[in-house]
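With the hints as constraints, model all of the structure from the sequences given.
Using the numbering used here, the first residue of the sequence shown is number 156, and each one after it goes up by one.
Ranges of calculated distance between the beta carbons of each label pair, as one might list FRET restraints:
1. Phe362 to Thr275: 45 to 55 Å
2. Leu323 to Asp363: 30 to 40 Å
3. Gly220 to Val309: 33 to 43 Å
Keep in mind the hints are simulated off the structure, nothing from the lab. Since the model is a prediction, treat every value here as computed from it, not as a measurement. The beta-carbon is built from N, C-alpha and C at its ideal position, and this holds for glycine as well.
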Amino acid sequence: MIRRPRPSQAATGALLVLAGLVCQELGASIAVTLFPQVGPIGMVTLRLVFAALILLAVARPALRGHPRSAWGSAVGFGLVLAAMNVCFYLALDRIPLGPAVTLEILGPLALSVIAGRRWTSALWAGVALVGVLLLGGVLLHSGPTAALDPLGVVLALAAGALWIGYILLSARTGTEFPGLNGLAIAAAIGALVTIPLAATTAGTALFDPVILLLGLGVAALSSAVPYALEFVALRRLSAATFSILLASAPAIAAIAAIAGLLVLGQELTTPQWLGIACVVGAGIGAVLSARRGRAPEVQPSIAPS
156 MIRRPRPSQA ATGALLVLAG LVCQELGASI AVTLFPQVGP IGMVTLRLVF AALILLAVAR
216 PALRGHPRSA WGSAVGFGLV LAAMNVCFYL ALDRIPLGPA VTLEILGPLA LSVIAGRRWT
276 SALWAGVALV GVLLLGGVLL HSGPTAALDP LGVVLALAAG ALWIGYILLS ARTGTEFPGL
336 NGLAIAAAIG ALVTIPLAAT TAGTALFDPV ILLLGLGVAA LSSAVPYALE FVALRRLSAA
396 TFSILLASAP AIAAIAAIAG LLVLGQELTT PQWLGIACVV GAGIGAVLSA RRGRAPEVQP
456 SIAPS
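If you want it as structure tokens, here you go:
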């Protein structure tokens, strides 16, 4: 007999998952404040290094006994992880947090639409397109401050495209390594790749004790805390409830916009808020449509934000 979680347990689990999403966006907003000291690539390196150290300490992965194909997946996973985070943080250096996250989630949204293969997929794709046009100031343009930096938009979209590869490689690596082992190894590879880049852009600023402490905080908020909350939540939620929460994950764009406003003072225009709402709505609709009738497949992840 399958035991169903009590309502109180399900409510607690839902709050834990949502708290993890909020932590991720708070971590990203704190990371932006460190750009003047270490730059975007330096911040990526700090986050990946500390995230890798935390994951390696928890998982303690065995480095022997894995076939060449498994290492190929882990290396590819790590390279995509590094490139995805570099593109996203470079985008944050040019455009506000809310629009950056909104443009980035178009990658996973596109994957959900393609995998959905339903007539509603075209509808959600159209809603998302309207949202992007609103964000870019093409629709309801409300003045010269409404337009986003073009290179920042391209970088955020590139991060979204890399997120698709990240999702696919995450699933593949998860089948070839037990537990968090594959993720820990990939995070370490990503950190090693970005260290030389950070050394040339940030230099000795990376070793400032205050910067190191804040970098550890960003890694904890963006990685360690969400993982812990998600794993605790999974013990309290039914598959159906967790599926609905996964469908609400695109709402991180709205959370990011609010975090950008409160922490960074990044004000958005009314059309840009409407654009975020369109993309969030399209994401929720697409994921719910794709997951209708299916149990959720949960993989731990290092989200870019």
